[in-house]
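**Student:** Build out the structure end to end from the sequences listed, making use of the hints.
Sequences listed follow chains A and B, in order.
First residue of the first sequence: 82, per the working numbering; consecutive thereafter.
First residue of the second sequence: 60, per the working numbering; consecutive thereafter.
Derived by calculation from the structure, the hints in this document are not laboratory data.
Don't take every hint at face value.
Taking lysine-lysine and the DSS-like style, the derived pairs with C-alpha atoms no more than 25 Å apart in a straight line are [as the list claims (entries may be wrong)]:
1) B:Lys61 / A:Lys83
2) B:Lys149 / B:Lys61
3) A:Lys150 / A:Lys104
4) A:Lys133 / B:Lys204
5) A:Lys133 / A:Lys285
6) A:Lys104 / A:Lys285
7) A:Lys104 / B:Lys61
8) A:Lys133 / A:Lys150
9) A:Lys83 / A:Lys133
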Amino acid sequence: MKAFDYIRPQSLEEAEGHLTQEKRVNILGGGVTLFLELQNNDLTPDIILDVKALPGFHDIRYHHNHGLKLGAAVNLQHLATGLEIRRHYPLLNQTAQELASPQIRNRATIGGTLAWASPVSELAAPMLCYDATCHTWSPRRTRTIPVNELYLGDFKTALEPDEIITHIHLPSFPARTYGIYQRQTVRHDGRRMIAGAATLAIRKHHTLTNWRIAVLGVDDRPKRIPEAEALLEGAPDEEIIHLALQAVQENIHPQDVVYARSDYRRAVLNALLQRSIHSIISNLQES
Amino acid sequence: MKHEIQFIINGHARSLTVESQQTLLEVLREDLRLTSVKHGCSTGECGACSVLLDGEVVNSCMVLAVEAANTEILTAEGLATDEGLHPLQKSFIDHHGVQCGYCASGMLISAKALLNRTSRPHEEEIREALVGNLCRCGAYADIIKSIQVASRARR
Numbered sequence: 082m083k084a085f086d087y088i089r090p091q092s093l094e095e096a097e098g099h100l101t102q103e104k105r106v107n108i109l110g111g112g113v114t115l116f117l118e119l120q121n122n123d124l125t126p127d128i129i130l131d132v133k134a135l136p137g138f139h140d141i142r143y144h145h146n147h148g149l150k151l152g153a154a155v156n157l158q159h160l161a162t163g164l165e166i167r168r169h170y171p172l173l174n175q176t177a178q179e180l181a182s183p184q185i186r187n188r189a190t191i192g193g194t195l196a197w198a199s200p201v202s203e204l205a206a207p208m209l210c211y212d213a214t215c216h217t218w219s220p221r222r223t224r225t226i227p228v229n230e231l232y233l234g235d236f237k238t239a240l241e242p243d244e245i246i247t248h249i250h251l252p253s254f255p256a257r258t259y260g261i262y263q264r265q266t267v268r269h270d271g272r273r274m275i276a277g278a279a280t281l282a283i284r285k286h287h288t289l290t291n292w293r294i295a296v297l298g299v300d301d302r303p304k305r306i307p308e309a310e311a312l313l314e315g316a317p318d319e320e321i322i323h324l325a326l327q328a329v330q331e332n333i334h335p336q337d338v339v340y341a342r343s344d345y346r347r348a349v350l351n352a353l354l355q356r357s358i359h360s361i362i363s364n365l366q367e368s
Numbered sequence: 060m061k062h063e064i065q066f067i068i069n070g071h072a073r074s075l076t077v078e079s080q081q082t083l084l085e086v087l088r089e090d091l092r093l094t095s096v097k098h099g100c101s102t103g104e105c106g107a108c109s110v111l112l113d114g115e116v117v118n119s120c121m122v123l124a125v126e127a128a129n130t131e132i133l134t135a136e137g138l139a140t141d142e143g144l145h146p147l148q149k150s151f152i153d154h155h156g157v158q159c160g161y162c163a164s165g166m167l168i169s170a171k172a173l174l175n176r177t178s179r180p181h182e183e184e185i186r187e188a189l190v191g192n193l194c195r196c197g198a199y200a201d202i203i204k205s206i207q208v209a210s211r212a213r214r
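**Tutor:** This is the structure:
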């Protein structure tokens with residue numbers, strides 16, 4: 082690693098002082114991907130700005146009407162174990178439990194993981210399904226970016242270079258919300274992803290509404306497939322499910338990788354989604 | 060940029076000067092000579108450099124030394140006491156949890172983190188706890204057995 086200055090501001094005002102200088106600054110959350118870039122000298126910043134001591138960055142607040150606020154520096158292990166996550170956002174909880182390794186989950190932050198914008202970012206899938214929004218701060222303004230609009234493809238995001246994610250917000254969901262995350266990877270820790278998908282729907286009497294499908298590894302960014310979601314609305318039968326799966330296939334652009342060809346990634350995604358959709362529909366049988 | 064930092068390492072308070080870009084792994088191995096902490100992949104994949112940071116297992120190659128200021132760190136050197144080896148260490152010896160030994164300290168640290176929160180883990184929980192530790196000898200079966208036996212012996 083090339084030499085840099087490490088700065089751990091205690092307030093956003095203090096952070097601002099470092100961001101307005103004529104210096105190359107990289108924001109540090111947990112560092113699990115940033116350090117790889119630094120070691121390869123792909124990034125050679127003058128300053129590493131650690132956001133983990135900023136006020137509110139470790140906040141976790143749930144309110145049954147207003148939803149969940151998660152500070153950007155909350156680690157992924159909390160999503161895997163936290164009581165409020167398990168109770169109110171089980172899809173997020175399930176995904177976090179399967180994500181990476183204990184070592185990585187203890188370090189990686191929510192803000193850093195979302196800002197990294199990997200096309201195989203497993204955290205993105207439940208965040209997309211739960212309509213999460215990123216709240217950001219920069220020396221010029223604060224703003225709100227839906228996670229759905231954060232990803233521009235190929236690791237690019239809507240964030241400006243000096244823009245910091247301060248917290249993530251998830252709206253509240255009714256108790257009868259069903260979600261499932263499925264993935265196929267070469268390695269058990271989630272590396273070398275072939276395909277992955279999170280699926281969610283809300284039960285209303287004997288129908289399922291507000292379907293969400295978020296896919297990973299089959300395009301240049303994690304993304305929702307609204308064309309398929311719209312078809313599933315209600316109580317979908319086999320024919321409708323078939324049409325929805327077809328709509329998914331028409332809206333993805335998987336790449337060949339050394340461990341999986343694009344047609345194989347399509348086939349895997351199709352199987353994962355078929356299982357997920359059936360699993361969610363099976364909840365209708367229980368009263 | 061130099062930083063004066065303090066932390067507690069294996070029960071002893073230490074003060075030292077580190078550079079911003081030094082990883083915790085580098086400082087533990089090179090400056091403090093705690094060579095149980097192994098340098099494996101530098102990318103957070105292999106777990107050979109695992110240490111406990113305030114009780115939670117982390118890859119020390121993925122933490123800057125300066126980030127570890129005011130924390131408590133445990134490496135495999137800190138497992139044994141004056142009374143002898145830790146039950147996990149004894150069990151790794153008795154049940155062949157060590158082949159070439161390169162992954163062993165990381166395995167021990169991950170196992171310690173697991174036993175800190177679950178006194179009698181199931182095999183599945185042990186496997187999950189070791190997801191971030193690779194053993195190139197493929198001694199996983201004996202490593203899992205070593206941890207199981209040690210957790211029973213503790214009661």
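**Student:** Confirm or reject each hint.
**Tutor:** Status of each hint after checking the structure:
In summary, the hint linking Lys61 (chain B) to Lys83 (chain A) is supported, as the alpha carbons are separated by about 14 Å, within the 25 Å threshold. At most 25 Å may separate the alpha-carbon atoms for a hinted pair to count; Lys149 (chain B) and Lys61 (chain B) exceed this at roughly 40 Å. For the proposed pair Lys150 (chain A) and Lys104 (chain A), the alpha carbon gap of about 32 Å is over 25 Å, so the pair is violated. Taken as a hint, the Lys133 (chain A) and Lys204 (chain B) pair is broken in the structure, with Cα atoms around 38 Å apart against an allowance of 25 Å.
Restraint check for Lys133 (chain A) and Lys285 (chain A): not satisfied, since their Cα atoms lie roughly 41 Å apart, outside the 25 Å limit. A hinted pair counts as satisfied when its Cα atoms are at most 25 Å apart, and Lys104 (chain A) with Lys285 (chain A) does not qualify at roughly 54 Å. Under the criterion of a C-alpha separation no larger than 25 Å, the hint pairing Lys104 (chain A) with Lys61 (chain B) is consistent with the structure, at around 19 Å. Among the hinted pairs, Lys133 (chain A) with Lys150 (chain A) is consistent with the structure: their alpha-carbon atoms are about 16 Å apart, no more than 25 Å.
This hinted pair checks out: Lys83 (chain A) and Lys133 (chain A) have alpha carbons roughly 22 Å apart, not beyond 25 Å.
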